[in-house]
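Asks: Sequence:
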Amino acid sequence: MTRRFTKKTRKLRGWRTHSWGRVGQHRRNNSGGSERVGLLKHKKSLLMELAEKNNGWPLIGKHGFVQPPPLRSRLKSINVGRLGEVVRELAAQGKAVQESGKYVVDLAALGYDKLLGGGSINEPIMVRAAAASASAIEKIRKAGGEVVIQRGLLH
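In my numbering, the protein residues as written are 1 to 155.
Keep in mind the hints are simulated off the structure, nothing from the lab.
Don't take each hint at face value.
[Claimed, not checked] Subject to a maximum C-alpha distance of 20 angstroms in a straight line, what follows is the list of computed SDA-like cross-link-like pairs (lysine to any residue):
#1 K76 / P58
#2 K114 / S100
#3 K114 / G101
#4 K76 / N30
#5 K102 / R82
#6 K62 / K76
#7 K142 / K76
#8 K43 / V23
#9 K41 / V23
#10 K62 / N29
#11 K95 / S73
#12 K44 / V23
#13 K95 / R82
#14 K102 / A51
#15 K43 / Q25
#16 K142 / L116
#17 K114 / H63
#18 K11 / N29
#19 K41 / K62
#20 K76 / A134
#21 K102 / V86
#22 K44 / S31
#23 K102 / R141
#24 K11 / V23
#25 K43 / H26
#26 K44 / N55
#27 K102 / K62
#28 K41 / S31
#29 K142 / N54
#30 K114 / S77
#31 K142 / G84
#32 K76 / R128
#33 K76 / I149
#34 K102 / Q150
#35 K95 / L110
[What the hints assert, rightly or not] Label-pair ranges, simulated between beta-carbon atoms:
#36 Q150 / L47: 29 to 35 angstroms
#37 H26 / F5: 34 to 40 angstroms
#38 G24 / M1: 48 to 54 angstroms
#39 H26 / F65: 44 to 50 angstroms
#40 G81 / K53: 56 to 62 angstroms
Just so we're clear, the structure is a prediction, and the values are computed from it rather than from any experiment.
Yeah, the Cβ is synthetic: ideal placement off N, Cα and C, and Gly gets one too.
Turn these sequences into a full structure, and let the hints guide you.
Replies: The following block contains the structure:
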């Protein structure tokens, strides 16, 4: 689209500094590095100011311990609510057995390590697991079931 007036940049082509004075002016104010660069060196006063405003933060550098990934234990878990939803399907598949009015589910056989307390359950279920949270045990007991913790299954 045509313009009525020529932009200043177009007019100043060939004029080296485009009216910004000596060469090197009209630059971003970035001397000393941008953002967090140099907070422990030449921007120490900025660090102290931030720490004062933010109750001791920002922490600079590395802190704490990170466990190497091969050593981290990743427990496969299932929530109580999800177990209550699928218990009848498990019984139909033969992966859960019904004994004296309760479904008996072995979580280790299903590939789970831990029972967690998310959701709600109405079915009385007897669960065998390597581990279970306190809220999961409480919810299972309220529904008329029980949780049997089998020791030695966790790696």
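Asks: All hints, please: hold or fail.
Replies: We went through each hint and held it up to the structure:
Note on K76 and P58: the hinted pairing is violated, with a Cα-Cα distance of about 35 angstroms set against a maximum of 20 angstroms. Under the criterion of a C-alpha separation no larger than 20 angstroms, the hint pairing K114 with S100 is inconsistent with the structure, at around 25 angstroms. The suggested pairing of K114 with G101 is violated, with an alpha-carbon distance near 24 angstroms, which exceeds 20 angstroms. Between K76 and N30 the CA atoms are separated by roughly 49 angstroms; this puts the pair beyond 20 angstroms, and the hint is violated.
For the hint linking K102 to R82, the alpha-carbon distance of about 17 angstroms falls within 20 angstroms, and the restraint holds. Between K62 and K76, the direct Cα distance comes to roughly 30 angstroms. Violation of the 20 angstroms bound is thereby established for this hinted pair. Taken as a hint, the K142 and K76 pair is broken in the structure, with Cα atoms around 24 angstroms apart against an allowance of 20 angstroms. In summary, the hint linking K43 to V23 is not supported, as the alpha carbons are separated by about 27 angstroms, beyond the 20 angstroms threshold.
Restraint check for K41 and V23: not satisfied, since their Cα atoms lie roughly 29 angstroms apart, outside the 20 angstroms limit. Taken as a hint, the K62 and N29 pair is broken in the structure, with Cα atoms around 29 angstroms apart against an allowance of 20 angstroms. For the hint pairing K95 with S73, the CA-to-CA distance comes to about 26 angstroms; that exceeds 20 angstroms, so the pair is violated. Between the alpha carbons of K44 and V23 the distance comes to roughly 31 angstroms, so the proposed pair goes past 20 angstroms and is violated.
Restraint check for K95 and R82: satisfied, since their Cα atoms lie roughly 15 angstroms apart, inside the 20 angstroms limit. For the hint linking K102 to A51, the alpha-carbon distance of about 58 angstroms lies beyond 20 angstroms, and the restraint is violated. Distance restraint check for K43 and Q25: the Cα-Cα separation of roughly 23 angstroms exceeds the 20 angstroms cut-off, and the hinted pair is therefore not satisfied. Proximity of K142 to L116 is assessed by CA-CA distance (about 15 angstroms); at most 20 angstroms being required, the pair is judged to hold.
With a C-alpha separation of about 30 angstroms, the suggested pair K114 and H63 falls outside the 20 angstroms cut-off, and the hint is violated. Restraint check for K11 and N29: not satisfied, since their Cα atoms lie roughly 26 angstroms apart, outside the 20 angstroms limit. For a cut-off of 20 angstroms, the pair hint linking K41 to K62 stands: about 16 angstroms separates their Cα positions. For the hint pairing K76 with A134, the CA-to-CA distance comes to about 17 angstroms; that is within 20 angstroms, so the pair holds.
As the CA atoms of K102 and V86 are separated by approximately 14 angstroms, the hinted pair is consistent with the 20 angstroms bound. Of the supplied pair hints, the one linking K44 and S31 holds, its CA atoms being roughly 15 angstroms apart against a limit of 20 angstroms. At most 20 angstroms may separate the alpha-carbon atoms for a hinted pair to count; K102 and R141 meet this at roughly 12 angstroms. Annotation: proposed proximity of K11 to V23 holds, straight-line Cα distance about 18 angstroms (limit 20 angstroms).
At most 20 angstroms may separate the alpha-carbon atoms for a hinted pair to count; K43 and H26 exceed this at roughly 23 angstroms. Pair hint K44 plus N55 holds up; C-alpha atoms about 16 angstroms apart against a cutoff of 20 angstroms. Annotation: proposed proximity of K102 to K62 is violated, straight-line Cα distance about 52 angstroms (limit 20 angstroms). Our distance criterion of 20 angstroms between C-alpha atoms is met by K41 and S31, whose separation comes to about 14 angstroms.
With a CA separation close to 46 angstroms, the supplied pair K142 and N54 exceeds the 20 angstroms bound. This hinted pair checks out: K114 and S77 have alpha carbons roughly 5 angstroms apart, not beyond 20 angstroms. Restraint check for K142 and G84: satisfied, since their Cα atoms lie roughly 13 angstroms apart, inside the 20 angstroms limit. For the suggested pair K76 and R128, the alpha carbons sit about 15 angstroms apart, so the restraint of at most 20 angstroms is met.
For the hint pairing K76 with I149, the CA-to-CA distance comes to about 15 angstroms; that is within 20 angstroms, so the pair holds. For the hint pairing K102 with Q150, the CA-to-CA distance comes to about 19 angstroms; that is within 20 angstroms, so the pair holds. The suggested pairing of K95 with L110 holds, with an alpha-carbon distance near 8 angstroms, which does not exceed 20 angstroms. Hint check: Q150 to L47, Cβ distance near 53 angstroms, so the stated range 29 to 35 angstroms is violated.
In this structure the hint that H26 and F5 lie 34 to 40 angstroms apart at CB is violated, the actual value being about 22 angstroms. The beta-carbon spacing between G24 and M1, approximately 35 angstroms, falls outside the hinted interval of 48 to 54 angstroms. At roughly 48 angstroms, the beta-carbon separation of H26 and F65 lies within the given 44 to 50 angstroms, and the hint holds. Taking the beta carbon of each, G81 and K53 are about 44 angstroms apart, not inside 56 to 62 angstroms as hinted.
In the structure shown, a violation is registered for the earlier hints numbered 1, 2, 3, 4, 6, 7, 8, 9, 10, 11, 12, 14, 15, 17, 18, 25, 27, 29, 36, 37, 38, 40, in ascending order.
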